[in-house]
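Participant: Here is what each chain is made of, one letter per residue.
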Amino acid sequence: MLAYTIRRILLMIPTLFGVAVLVFFMLRVMPGDIVETMLREGGGNIPQHVIEQERARLGLDRPLYVQFFSWFGGILQGDFGTSMWTGRPVIHEIGSRLELSLQVALMATLLAVLIALPLGTLAAIFKNTLIDHVIRVISIAGLAVPSFWLGMIIILTLLTFYSWIPPLTFVSIFDDPWRNLSQLIWPAMAVGYRYSAVATRMTRSSILEVMQEDYIRTARAKGVYERLVVARHGMRNALLPVITVIGLEFAFLIGGLVVTEQVFNLNGIGRLFVQATARGDYTMVQGLVLLVAVTFILVNFMIDMLYAVLDPRIRYK
Amino acid sequence: MTDITPDTAPAITYKVRKRRHPVIAFALEQPLGSIGLVIIVLMMLAAIFADVVAPYDPLQTNYIAIMQAPSADHWMGTDDFGRDIFSRVIYGARTALAVGFIASLAGCSIGALIGMVSAYFGGWIDTVIQRLMDVLLSFPIIVLALAVVAVLGKNIVGGIDINLIIAIGLPIIPKVARVVRSSTLSIRELPYIDAARAAGFSHSRIVLRHIMPNVTAPFLIMLTAYVAQAILLEASLSFLGLGVTEPTPAWGLMLSGSAAQYYQEAPWMIIFPGIAISLAVFAFNLFGDALRDWLDPKVRM
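If you read the sequences in order, they're chains P and S. Position 197 (the first sequence) corresponds to 201 in the numbering used here; numbering is contiguous. Position 244 (the second sequence) corresponds to 277 in the numbering used here; numbering is contiguous.
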């Protein structure tokens, strides 16, 4: 187990290195760089030597491989560099927005779990009945409705009935929990619907699979109440794949809220990503992409570890 | 020799097994999936015959009829340029279905090829390809698509932005590759592959003629499911202003810009295009689900 854990951690390095190389060179292929975007924004005619100077200040005049290794070397020491646009450390820029994105992702996860486990179980118990069909339609609709559109519809409804509009500033949950929750519950619902749909479907198919197992028949044969068979023997074993999809969706939500943040006027990781891409803020985009990739890989890793904890039959070698 | 042929052939009554046409059998066994199929076909017809179906020219601006609520003249109302929303939704189906199909087909084909090659050759080729796929998988799809659009810019050929197709198709590749790889791994061990190898067939012939037919079922299932994802992604990108550009009628685009600004006064501007997106994706998911149950219940997506 320990050897496996260490090997898994070591295997993260080539993947992250691949992500770093990919994003670094992809950005450099883009036409125009941040210096041009920044200086030409005013529309004035900037002399070439000023541009050269600015490039040299940001270190963009060095050969690509030198730039890459100085950046990657910094990361290995925990230094993500400074934003080329604002001049503030990338870590700070991300950190100040991470709270919001993380909170929305966590709330959406909570919503999804609260909806998906009961619905998925019901659908599995009443397989091929009206209940199952209705739940199937609800969950397939959840996969179909774009979360940003759902967000607009939610805003529209709230506006019509409660004259509510999305606030312009973000209030931390530690300062004013009530205002914070009343602001973030709506985007969490907008993305949570889709999320719960994914999880509902997985819960259903996973429980159906588990209910075919021998130990379920044994439990029934020895006269356990059907409700207990499902709850104790079925659910528990069916949870593994459900945890997997919940974990993966959660990882995606950290960076994947791009469009929903736009609709709800939220200044989170997604918006930062769009801004940084539009400005050609290399260090920022690189930092964000690495953050998203690390989250994803870590969540994957934790899911695998959780498997071994929840299911004692699984032994990693 | 006596003639042993009996005078009359023994009367054997064969039980005639009703052989239903596969389409009818599908409709009977998968009612929900058939509803999906019907919606898809209707949308395709509307898209193909948009010129006939749509009551107005989708690009025709009319400054007398700006932001009108739905009425007998304009079933879904008009937008801030006075364009008929119903006609734009109909023409939008063209964009959505074309981009969705092409992107999904391209992504699934490349993914399947990569998956088959990876599993067939194994060894270091497999390791390298799998690491590359891991890298692609560690981006949220919207982030990956955004990055591709930002890097490649626009490249419009025949009215369709090739780079948009790449951006939407790319995230599909690693997922398909993974599924196809795992099916190929088990196929590779079957005796007839050994036989083909012993017969001296080339690698490309074995992959294309002996392995490919056996991964058709998961391929078709994924193709349908990823059309849904592609339509949704195209809508998201267009909404962000990075996908289809004005004045082309596209559902995601109809939700952005001035619609996002005025929708609180003129909700019909966003309600109908949103329903169109949802309905299209819903239909493809419904059909894809049924297709999976029908062809190969083991495929997990």
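Any given hint could be a false lead.
[Said to hold, decoys possible] Label pairs and their computed distance ranges (CB to CB):
(1) S:K187 x P:L244: 21 to 27 Å
(2) P:Y8 x S:H236: 32 to 38 Å
(3) S:T160 x P:V54: 45 to 51 Å
(4) P:S100 x S:I143: 38 to 44 Å
Quick caveat, the hints were computed from the structure, so don't treat them as lab data. Positions of the beta carbon are idealized from the N, C-alpha and C atoms, including for glycine.
Participant: Does each hint fit the structure? Answer for all of them.
Facilitator: Hints, verified against the model:
{"no.": "1", "hint": "S:K187 x P:L244: 21 to 27 Å", "result": "violated, 44 Å"}
{"no.": "2", "hint": "P:Y8 x S:H236: 32 to 38 Å", "result": "holds, 34 Å"}
{"no.": "3", "hint": "S:T160 x P:V54: 45 to 51 Å", "result": "holds, 48 Å"}
{"no.": "4", "hint": "P:S100 x S:I143: 38 to 44 Å", "result": "holds, 39 Å"}
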